[in-house]
Amino acid sequence: MNVNAEWVRQANAALMYDAISVLAEAFGKVLRKKPDFFVGGSISTTSGGAMSTSNNKTPTFPSSSSSSTTTTSFNTTMREVHCATGRDFTDSPVPFELGEKISKFIRKVELEGLTGTIRFTEEGRRHNFSVDVMELSVHSTKVKIAEWSDTQGFVKIPPKYVRPTTFSRIQKNRTFIVTSILEEPYLMPRTPEKGEVLTGNDRYAGFCKDLADKISDKLGIQYEMQIVKDNKYGNENRNGDWDGMVGELMRREADIAISPLTITSERERVIDFSKPFMSLGISIMVFKHPKRSPSVFSFMSPLSNEIWLCVFFAYVGVSIVLFLVSRFNPNEWKTGADGTMSTSSVSNDPMWFSLAALLQQGSDTSPRSTAGRIVGAVWWFFTLILISSYTANFAAVRTVNRMVTPINSAEDLAAQTDVEYGTLDRGSTWNFFRRSQMQAYTKMWDFMSARPHVFVRTYDDGIKRVREKKGESPDSSFAFPIIPPPLRGSHRSGCDPFHKRDFFRLVLFSQWKHHRHGAQLSLCSASAQAKGKYALLVESPKNDYTNERQPCNTMKVGRNLDAKGFGVATPLGSPLKQQINLVVLSMKESGTLMQMQNKWWVDRSECPLPDKNAAEADDELSLKSLAGIFYILIAGLVLAVVIALLEFCWNSRKEAKRRQISLKEAMKVKAQMSISGMKVQEADSATQTTNGNNGQGCSQQSTLRARLPTTTRGDARHYSSSRHHHPHDPIPNL
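So for the sequence shown, full-length UniProt numbering puts the first residue at 1; every next one is plus one.
It is possible that some hints are incorrect.
[What the hints assert, rightly or not] Taking lysine-lysine pairs in the DSS-like style, the calculated list, with each CA pair at most 25 angstroms apart, reads: (1) 588 x 214; (2) 33 x 142; (3) 564 x 533.
[Unchecked claim] Have a look at the derived ranges for each label pair, beta carbon to beta carbon: (4) 559 x 218: 33 to 43 angstroms; (5) 638 x 374: 35 to 45 angstroms; (6) 295 x 647: 28 to 38 angstroms; (7) 378 x 631: 27 to 37 angstroms; (8) 131 x 281: 56 to 66 angstroms; (9) 632 x 281: 47 to 57 angstroms; (10) 588 x 220: 12 to 22 angstroms; (11) 121 x 275: 45 to 55 angstroms.
Because the hints were derived from the structure by calculation, they are not lab data. Source: prediction; values computed, not measured. In this text, a Cβ means the ideal position worked out from N, Cα and C, and glycines have one as well.
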């Protein structure tokens, strides 16, 4: 509360006047009751009530009982009274001889003064005394804002502002000034068509322009639209003045304010508002990240790259250990029918057994030794936990990918520091957080006030920062000195302009800048503090409008933080208020306001409508999500075919060298055997013709080898084992 010096002087003058009145009344009673009260001196009282003396030292007191002049003299031997406790400040106090009697008369005084009823207690204190602290409002009426009493002291009282009632009619022969602010979609400069010249109110377009046209048509008045000079809505300064549109209305520079001006108690105190023409609340605007299309190998995302690498090494390690255990363990060896010894299939191909267990598939062989079974058991347990974890995490990863943003409410914003957030500087939202008593909002205000760069001068600046995902203002970058290394005990970055230690260094730098041996200086920018994410706290209509504009990369999250409204403002006591109220209510009831809002918010949307099947599609696995496994399948099939061809060629080459025939003939025989199985007679005849004398033996061997697949499994195994131990033995007679 601002205290005016003139008010203080007036209050002191009133109290001084009442004090003199009390003294005059007390001495008047003394002289009326005891005219010779002051013995020894002469007191003359004139008819005018003025006091006179018979000499220059003796005062006279007014008397209300007589208009004639009476004379009473003081005793010249009466001891004088000094203000100090003693002449040398060591003597005891010297009381006035008649002081007690005069004080008794003063305590009995009762009168009505400028400061109210004056009455004293036996101790000489004023009794039942109270003082009202008044404030002169903008329309020159006194408003009680506080009270002081002898029992309770100073007590603030909520002011009750009484608006002057006016019965004057609207002057329809004048042009009313309508102040507003450029803010999409409320008011925007209109783009002229080819050959069109825009003048007057036609230069603007928007929701507020349409609202002004409707009001002027209903009231039958003319208006002129003008833009507020300082481009502000209206906020109270430290000296008590108001800026923006509120200030223009208070100074009578404008008659009406039609804009997105929020109705608040502070503004309602100095201007009038109509019924709200739009309901709204504070909302959170964040950057809308584009929906990530799943990668080809997104099926590997449930496990990190490190885990996949460790699984590969574990697979190789288990295969090696299983090979060693099975190879050198006697229990893994078995005796054939002819008495020959052979190893188990596990030792011959341990990687196949490990791969089958990893993919939860069965194998036709299994370890026979205790050590081999231990290796298999721990590997099976490992694969069980791994597959279960993968399956569970795969569903969790898909759920997280469908989440658009981790910020869903104001509580989420208050609980984190990675995403910076701010409001319009010194606007209604700024005041809301500054005055809020809720814990979450108080915490948010502390966060924002400690980082002044999060506040924006215009909504366009804030929207730009949200879309650019930057926490710094484009024009708030500034340089300041930093003294490296950081102060001891500081855990914050040296490039923090809002940390108290860095602020201390900044202040002391002015003393150290001329020191030649000072610490090395470095420059830091406030933009270095940005964490790359920013959220704007803005009114919900502005949020909804921005979300429907290109590039369609912003979104509203959570519910509104409060409930308020926009109203048409007029100066206090303006005759336009009641008429505008009726117009606004009529437009709201008829649905005109809703139609206007749809015109500027919904119909002008530049973003595509959300797909109704998008939610259902999110729950389905698309081909792109699982394309990787098809690629792996195709690659495996192609690799198998290539290896089969290489093996075919390699075996054909060996066969051609062994039988001393051409590679072409050997491949032909192999192909016929692979296709027809036992039908190789024609190939044998061709071979006999080509090889001449040696053809009989080769044909016999070819026939025997061609017929080998028709033998029993046991014979083939025996043949394989015999061939393994005796590579140079002739082919047995099957």
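Query - C-beta pair residue 588, residue 220: status relative to the range 12 to 22 angstroms that was hinted - result: Roughly 20 angstroms apart at Cβ, these two residues keep to the hinted range, so it holds.
Report task. Assess, step by step, whether the Cα of residue 588 is no farther than 25 angstroms from the Cα of residue 214, and give holds or violated. Result -> Given that 25 angstroms is the threshold and the Cα spacing comes to 12 angstroms, the pair holds.
Query raised in the report: Is 28 to 38 angstroms a correct range for the gap between the Cβ atoms of residue 295 and residue 647?
Result: 35 angstroms, holds
Requested in this report: Evaluate the given range 45 to 55 angstroms for the C-beta pair formed by residue 121 and residue 275.
Outcome: 54 angstroms, holds
Query raised in the report: Regarding the pair residue 564 and residue 533, is the alpha-carbon distance no greater than 25 angstroms?
Result: 28 angstroms, violated
Query - Supplied distance hint 27 to 37 angstroms, evaluated on CB atoms of residue 378 and residue 631 - result: 32 angstroms, holds
**Report entry** Beta-carbon spacing of residue 638 to residue 374 - inside the hinted bounds 35 to 45 angstroms or not
**Finding:** Cβ of residue 638 to Cβ of residue 374: about 38 angstroms, so the range 35 to 45 angstroms holds.
Query raised in the report: Is 33 to 43 angstroms a correct range for the gap between the Cβ atoms of residue 559 and residue 218?
Result: Given about 35 angstroms between the Cβ atoms, the range holds.
**Report entry** Pair hint residue 33 and residue 142, alpha-carbon separation not exceeding 25 angstroms
**Finding:** Violated, because 43 angstroms separates the two Cα atoms, which is more than 25 angstroms.
**Report entry** Assessment of proposed distance window 47 to 57 angstroms (beta carbons of residue 632, residue 281)
**Finding:** 52 angstroms, holds
Query raised in the report: At the C-beta level, are residue 131 and residue 281 separated by a distance inside 56 to 66 angstroms?
Result: 42 angstroms, violated
The structure shown violates the earlier hints numbered 2, 3 and 8.
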